[in-house]
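In order, the protein sequence lines correspond to chains E and D. Just so you know, we're using the numbering used here here: the first sequence kicks off at 28 and counts up by one. Just so you know, we're using the numbering used here here: the second sequence kicks off at 28 and counts up by one.
Some hints here could point you the wrong way.
Identical copies look the same in the list; a pair holds intra-copy or inter-copy alike.
Pairs of lysine to any residue, SDA-like flavour, derived with a Cα cap of 20 Å [claimed, not checked]:
#, residue 1, residue 2
1, Lys127, Thr356
2, Lys198, Arg116
3, Lys325, Gly60
4, Lys380, Arg392
5, Lys46, Ala369
6, Lys325, Arg69
7, Lys46, Ala57
8, Lys366, Ala212
9, Lys127, Arg360
10, Lys198, Tyr337
11, Lys198, Glu170
The set of hints was computed from the structure by calculation and includes no laboratory data. The structure presented is a predicted model; accordingly, all values stated were derived computationally and were not measured.
2 protein chains.
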Amino acid sequence: MSTDLMPNRYRPGESDLPKRESELIARREAVLGASYRLQYRRPVHFVRGEGMWLYDPDGRAYLDFYNNVPCLGHCHPEVNAAMAEQAGRISANTRYLEPKLVDYAERLIETFPNELDRVVFTCTGSESNDLALRIARFASGNEGVIVSSYAYHGTSAATAAVSPNLGDAVKLSPSVRMVSLPGPAGVPEAQAADFFEAQIRSAILDLNRRGIGVAALLIDSIFSSDGVWVDPPGLIASGAAAVREAGGLVIADEVQPGFGRTGAHMWGFERHGIVPDLVTLGKPMGNGFPIGAVVGRKAPMEQFGATSRYSNTFAGNTVGIATADAVLTILQRDQIPQKALAISQHLRSGLEKIANQHSGVRATRNAGLFFGVDMGPEGAPAARRRAMALDVVNAMRDDGVLISTTGANEDTLKVRPPLVCQAEHVDLFLASLERALIKVAG
Amino acid sequence: MSTDLMPNRYRPGESDLPKRESELIARREAVLGASYRLQYRRPVHFVRGEGMWLYDPDGRAYLDFYNNVPCLGHCHPEVNAAMAEQAGRISANTRYLEPKLVDYAERLIETFPNELDRVVFTCTGSESNDLALRIARFASGNEGVIVSSYAYHGTSAATAAVSPNLGDAVKLSPSVRMVSLPGPAGVPEAQAADFFEAQIRSAILDLNRRGIGVAALLIDSIFSSDGVWVDPPGLIASGAAAVREAGGLVIADEVQPGFGRTGAHMWGFERHGIVPDLVTLGKPMGNGFPIGAVVGRKAPMEQFGATSRYSNTFAGNTVGIATADAVLTILQRDQIPQKALAISQHLRSGLEKIANQHSGVRATRNAGLFFGVDMGPEGAPAARRRAMALDVVNAMRDDGVLISTTGANEDTLKVRPPLVCQAEHVDLFLASLERALIKVAG
Chain E
28 MSTDLMPNRY RPGESDLPKR ESELIARREA VLGASYRLQY RRPVHFVRGE
78 GMWLYDPDGR AYLDFYNNVP CLGHCHPEVN AAMAEQAGRI SANTRYLEPK
128 LVDYAERLIE TFPNELDRVV FTCTGSESND LALRIARFAS GNEGVIVSSY
178 AYHGTSAATA AVSPNLGDAV KLSPSVRMVS LPGPAGVPEA QAADFFEAQI
228 RSAILDLNRR GIGVAALLID SIFSSDGVWV DPPGLIASGA AAVREAGGLV
278 IADEVQPGFG RTGAHMWGFE RHGIVPDLVT LGKPMGNGFP IGAVVGRKAP
328 MEQFGATSRY SNTFAGNTVG IATADAVLTI LQRDQIPQKA LAISQHLRSG
378 LEKIANQHSG VRATRNAGLF FGVDMGPEGA PAARRRAMAL DVVNAMRDDG
428 VLISTTGANE DTLKVRPPLV CQAEHVDLFL ASLERALIKV AG
Chain D
28 MSTDLMPNRY RPGESDLPKR ESELIARREA VLGASYRLQY RRPVHFVRGE
78 GMWLYDPDGR AYLDFYNNVP CLGHCHPEVN AAMAEQAGRI SANTRYLEPK
128 LVDYAERLIE TFPNELDRVV FTCTGSESND LALRIARFAS GNEGVIVSSY
178 AYHGTSAATA AVSPNLGDAV KLSPSVRMVS LPGPAGVPEA QAADFFEAQI
228 RSAILDLNRR GIGVAALLID SIFSSDGVWV DPPGLIASGA AAVREAGGLV
278 IADEVQPGFG RTGAHMWGFE RHGIVPDLVT LGKPMGNGFP IGAVVGRKAP
328 MEQFGATSRY SNTFAGNTVG IATADAVLTI LQRDQIPQKA LAISQHLRSG
378 LEKIANQHSG VRATRNAGLF FGVDMGPEGA PAARRRAMAL DVVNAMRDDG
428 VLISTTGANE DTLKVRPPLV CQAEHVDLFL ASLERALIKV AG
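Same shape as in the complex, but just chain E:
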């Protein structure tokens, strides 16, 4: 694991900045303080967004190949109109009857396998995972949680405690167990599922021997913070079955892969041929409006809901629902996931072509429009690979293209454009990546 937990960030004094930016940063530091880290060595400053583009105060355009929250693009007029229209009519809470809440809940559930027929709304992906853990612990009677070794699942106390990605300063729960992934461990694809299952079984054994028991396997099915380890499809199925056998629930964290990111499916878990017990939603659900959800099987959802008095003031309010409803309508009507899959193939072949020409590109992995591109030649030391990834990201930023890094060594480029990305944007991105590779690796 890298020692710097957010390598791609601004460090005071490291870069010469224009007065406008350095003054704003000074004011920002004084009132927002150390929690608020800025991306890039030279932070970006945006005042306008539209579709795939963000604009700085001088009108310079930056191509966004990083943000998955505005999945339909920045400032989508139809989504914003739905939000504004609803805000002008009523923002009801869920303790009152309001048909839109029920209509949208039914529409959302229809996108899931039949077994998943209940939904509870939240405001953020962290709230979704936090609630899913509460439900899993309540329904199973156990405490243990199994996650991947570099997982990130949220910012609440309970989710941060099962997020090894956050590093040493954030204490892990005594009841969390981390499992290695076959990909980073160098296990061939044919043995990947067996390797993963063996890791899971060993974690279950340990949790049981300590009387903790297993409440849940909590996984992002594209393992985005571990470095985008998407293959082979089916990889997690036997491990998930082992967890259910042991009395635990399977929670699919769809904050990253959900809502068509993987192209071929609406939900990432479908790629692995499993039906989880609980599914957690967040980021792209409202194209930027704070809304999330837990979707799940009736049994654990009702067991929790009937006994624990759960309510969430803002969650499910009609404005958020109307916004999310517009997002789902557009995703389905305009076949956004299908188009994203097609465009991801264009991006994939462009990246492979670059990889063949540059020894600096070690490997490329993707599921739909979520790409991980490993930087640094085979056999290069971890620190050099990492420095190279950071150099490429910052060269591209200076060139007007936004991406960042991921993975245990943060040497994997994280490429995750809004789903409305077109071929022309892919070509601009590929040209910029090539320029950056030449600049960085020579």
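With chain E held as given, fit chain D onto it using these hints.
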């Protein structure tokens, strides 16, 4: 403590409902399930809101004397215009420079005592309290949390575990200690602070003897879920000092009293003459938009922020900031808290007049526009007082006025109108309450 955790709710089969509502409820139950409880014996169904009023599908108006989220009234045009305008320009996240975030953070901090000079944004009050607990535990090195005996602080795993209000089904943390309040215990005001301090000192002693230590005193300074125990001002000061002496932090949960609810002050803790270490904000901050914050002293905020990698995707996004900025502008420009204080005096004297005429009103307490009105004659059994409160709330609902209940026995009317309430609304409310009392108590 009452056995039914949400007495004022719909129970299937208890009330005859029109087909339109019963069908909507059946669909709602099928997809949202048991977590989603409806208020009132006969649920309300709203399709439009404006100022102090909510409207059902038949155009019947209901006077809202319950909702503090739309503090400036339902569907405030100026707030909504600020939200829509910003959504059309940019919804930036906090990893990019954006001046509005810094401008608003500075304006918000100016409303606090000088010692409180840092802010971190969240999306909900639960997220605010969850983060404040993380900061307090990190900064103190201790785990223990002291709360009032019927406190509610949120819906995340960590906040629910310090919320005895949620009842037996939600397990309390082994490190939480509950303290009794002087008011419900019948302690005279002159001894109230000493009583509270003694309770706190005893909790600290117990936490220290078990090696848990005290991380925080977490309190809502108007004790709204305990039954609105607001007096005497200063009540909590010596207890808070004892916590700080013992190495713990004082967290003021301002989700209920904050943003001028108490009229005389912007923040509830000011009424008690204390400066907390951390302050948590939520509900009214965005007049319905999901936004919250933790405001605090530099030392614990920086200690946490510099080491723990905290980030929250939606929190501090420019649309939420622009919305909250409009709310703060209107609160200050139109002197909403000052007007709320004046109107609260009109409401208070009306309630006192009613109390003199009806033995069913036992006591009235308020801080600004947050009122608790105890139902049932002195000496009446708890169950009878509680039934009476429930009958009054539902009679008023049928009469077109919205309130609910609070307190350990849920026999206190919770009266908490939007802050823009006018004298004419108070008169309508008082007339309805009087009709309900006559109907219920005879």
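Cα distance capped at 20 Å. Does lysine 46 pair with alanine 369 within a copy, between copies, both, or neither?
neither (43 Å within a copy, 47 Å between copies)
Give the relationship of lysine 380 and arginine 392 under a CA distance limit of 20 Å: within one copy only, between copies only, both, or neither.
within (14 Å within a copy, 73 Å between copies)
Intra- versus inter-copy proximity for arginine 360 and lysine 127 (alpha-carbon distance at most 20 Å)
The answer is within: 19 Å in one copy meets 20 Å, while 35 Å across copies does not.
How would you label the pair lysine 127, threonine 356 (within, between, both, or neither) given a Cα cut-off of 20 Å?
Cα proximity of lysine 127 and threonine 356: one copy only (13 Å, versus 31 Å across).
If the cutoff is 20 Å on CA atoms, where do lysine 198 and tyrosine 337 land: within, between, both or neither? Let me know, please.
between (27 Å within a copy, 13 Å between copies)
At 20 Å max between alpha carbons, let me know whether lysine 325 reaches glycine 60 within a copy, between copies, both or neither.
between (43 Å within a copy, 8 Å between copies)
Evaluate lysine 198 and arginine 116 at a C-alpha cut-off of 20 Å and name the case that applies: within, between, both or neither.
neither (45 Å within a copy, 39 Å between copies)
With identical chains treated as interchangeable, where does the CA-CA distance between lysine 46 and alanine 57 reach 20 Å or less: within a copy, between copies, both, or neither?
Result: close within a single copy only, 16 Å intra versus 58 Å inter.
Indicate which option fits the pair lysine 198, glutamate 170 if close means a Cα-Cα distance not exceeding 20 Å: within, between, both or neither.
Both, since 16 Å and 13 Å are each at most 20 Å.
Lysine 366 and alanine 212: within-copy, between-copy, both or neither at 20 Å Cα
Classified as neither: same-chain Cα gap 33 Å, cross-chain 65 Å, threshold 20 Å.
Between the shortest in-copy and the shortest cross-copy C-alpha distance, which are at most 20 Å for lysine 325 and arginine 69: within, between, both, or neither?
For lysine 325 and arginine 69, neither the intra-copy (49 Å) nor the inter-copy (26 Å) Cα distance is at most 20 Å.
Comparing the model with each earlier hint shows violations of hints 2, 5, 6 and 8; every other hint is respected.
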